[in-house]
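Chains as they are written, first to last, in full-length UniProt numbering: chain A, 1 to 236; chain B, 1 to 236.
Calculated directly from the structure, the hints in this document are not laboratory data. Owing to the predicted nature of the structure, the values given are computational and were not obtained by experimental measurement. Beta carbons: idealized from backbone N, C-alpha and C, even for Gly. Be careful, since some hints might not be right.
What the hints assert, rightly or not - Label-pair ranges, simulated between beta-carbon atoms:
(1) A:ASP50 <-> B:PRO156: 48 to 54 Å
(2) B:LYS35 <-> A:ALA231: 50 to 56 Å
(3) B:PRO230 <-> A:ASP179: 45 to 51 Å
(4) A:GLY215 <-> B:PRO230: 25 to 31 Å
(5) A:GLY76 <-> B:TYR232: 41 to 47 Å
(6) A:GLN141 <-> B:TYR232: 51 to 57 Å
(7) B:HIS214 <-> A:PRO140: 43 to 49 Å
(8) B:ARG234 <-> A:ASN166: 51 to 57 Å
(9) B:PRO140 <-> A:ALA172: 52 to 58 Å
Said to hold, decoys possible - A few chain A positions that, by computed beta-carbon distances, are all more than 12 Å from chain B:
(10) SER22
(11) ALA24
(12) ALA39
(13) ALA47
(14) ASP50
(15) ARG74
(16) VAL75
(17) GLU77
(18) HIS135
(19) ASP139
(20) PRO140
(21) GLU142
(22) ASP179
(23) GLU197
Unchecked claim - Beyond 12 Å from chain A on every Cβ pair, some chain B residues (computed):
(24) THR21
(25) ALA24
(26) LEU44
(27) HIS46
(28) ASP50
(29) ARG74
(30) GLY76
(31) ARG78
(32) ARG88
(33) THR138
(34) PRO140
(35) ASP200
There are 2 protein chains.
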Amino acid sequence: MSVAPEPTTTAAEAAPTSGSTSYAPTERTVPTRSKERAAYDKDLVHAILDEAYVCHLGFVRDGAPVVLPTLYGRVGERLYVHGSTGSRPLRMAGQRDPGLAVCLTVTHVDGLVLARSAFHHSINYRSVVIHGTAHQVTDPQEKRLALDALVDHVVPGRSADSRPANAKELAATAVLSLDLAEVSAKLRTGGVNDEPEDLDLPHWAGVVPLQRGHGPLIPDADLADGIEVPAYLRNL
Amino acid sequence: MSVAPEPTTTAAEAAPTSGSTSYAPTERTVPTRSKERAAYDKDLVHAILDEAYVCHLGFVRDGAPVVLPTLYGRVGERLYVHGSTGSRPLRMAGQRDPGLAVCLTVTHVDGLVLARSAFHHSINYRSVVIHGTAHQVTDPQEKRLALDALVDHVVPGRSADSRPANAKELAATAVLSLDLAEVSAKLRTGGVNDEPEDLDLPHWAGVVPLQRGHGPLIPDADLADGIEVPAYLRNL
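Chain A on its own, in the form it takes in the complex (with noise of 0.2 Å):
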């Protein structure tokens, strides 16, 4: 993993995707190195983005960049996120035709790959990064939808076993909406790269995989009697 990937083919010069299962890569979504780590299957990138908490979402102010963790649902091919209504990305967006520059990263770290050469040295990751325009959900079905997808991303099935939000909490809750357009996935999977003129070094070499697990659930002390764990939680 470096500060990549690197973008230097125009999109008209990007290979052809079939539109049904994958995105068309563009100038900003083709690396110029590692180009064999770049993926752009659609089901692949749902599970990247599936499968973490949160993301990191950048977007530029006053001239600078500004990159903030945020939670972040999927309903189909578009992101939520949500914050106060005072939030200032929410507000920029809102305050915005046509809405809000960003850039919105998930990353899993699955290894760490210990080379014989520290030049080699590396991890094992898979990395979704989509570039775009972040717009306020105003439509207040779709605000209930994102809300939803936003619980259920934590927990999947949470948001049926909760109190929903009630008038105050929708109106001090903004959310932005994010299309999967420009999107692309960056994976290094295996093993170690070493030069073969290192192979005999005295130096451990290999793979370290990284788990991650959870400890056991921490009730609420308040929590009524008879309640007990649901199932989704048992699923975990």
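Go by the hints and put chain B onto chain A.
Only chain B this time, still in chain A's reference frame:
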């Protein structure tokens, strides 16, 4: 977690800090909402930075934000990221005096907070956001130090147990430095914050603590005979 922090306070209005143990808040690092979640303590910031494997580096390209995951290392009050000398942000930093405006963000997701109301769902997290200007490292000695820090960030102690970069590898690698000056941490800890009138609702509420672990090491197939797993990996 939401699309915060939200700055409105000017640097002059921000509370003074002792220069040696905490970062001075600025207009960009003081949130308007959830102020109690913001922190400027250097030890806390260092701990959050040192525990993560990747950061999300934001910069502006052609007026639009770009957010890329990348490895990093820390030496005191300075971070380093690296990449190919051909990579865009590294070239941009090299070409531009006085450097490249960046925002570097690191986030840990520590738990899922399931409230009785959809509105109060949240996550427990620790994040660090750094605003600043990245500069290319041109001093050969600092460059070597930075590359060691990058390797040791992934696995402490590893740089001393690998072949150092040779002249060709050093020439192919560009390193950016970013000073820890305009820095803030943001944290959410603890349990659910439901409305008092919701406490009797028939929904399970509480926290799902998340944990990071690793699976069995996968040694390289070409590992020379007699090379044992080093102590720094047994203690991961």
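Hint check:
no., hint, verdict
1, A:ASP50 <-> B:PRO156: 48 to 54 Å, "violated (33 Å)"
2, B:LYS35 <-> A:ALA231: 50 to 56 Å, "violated (38 Å)"
3, B:PRO230 <-> A:ASP179: 45 to 51 Å, "holds (48 Å)"
4, A:GLY215 <-> B:PRO230: 25 to 31 Å, "holds (29 Å)"
5, A:GLY76 <-> B:TYR232: 41 to 47 Å, "holds (45 Å)"
6, A:GLN141 <-> B:TYR232: 51 to 57 Å, "holds (55 Å)"
7, B:HIS214 <-> A:PRO140: 43 to 49 Å, "holds (45 Å)"
8, B:ARG234 <-> A:ASN166: 51 to 57 Å, "holds (53 Å)"
9, B:PRO140 <-> A:ALA172: 52 to 58 Å, "holds (54 Å)"
10, SER22, "holds (21 Å)"
11, ALA24, "holds (18 Å)"
12, ALA39, "holds (15 Å)"
13, ALA47, "holds (17 Å)"
14, ASP50, "holds (15 Å)"
15, ARG74, "holds (16 Å)"
16, VAL75, "holds (15 Å)"
17, GLU77, "holds (20 Å)"
18, HIS135, "holds (14 Å)"
19, ASP139, "holds (18 Å)"
20, PRO140, "holds (15 Å)"
21, GLU142, "holds (16 Å)"
22, ASP179, "holds (15 Å)"
23, GLU197, "violated (10 Å)"
24, THR21, "holds (25 Å)"
25, ALA24, "holds (18 Å)"
26, LEU44, "holds (16 Å)"
27, HIS46, "holds (18 Å)"
28, ASP50, "holds (15 Å)"
29, ARG74, "holds (16 Å)"
30, GLY76, "holds (20 Å)"
31, ARG78, "holds (17 Å)"
32, ARG88, "violated (5 Å)"
33, THR138, "holds (17 Å)"
34, PRO140, "holds (15 Å)"
35, ASP200, "violated (6 Å)"
Against the hints set out earlier in the document, violations occur for numbers 1, 2, 23, 32, 35.
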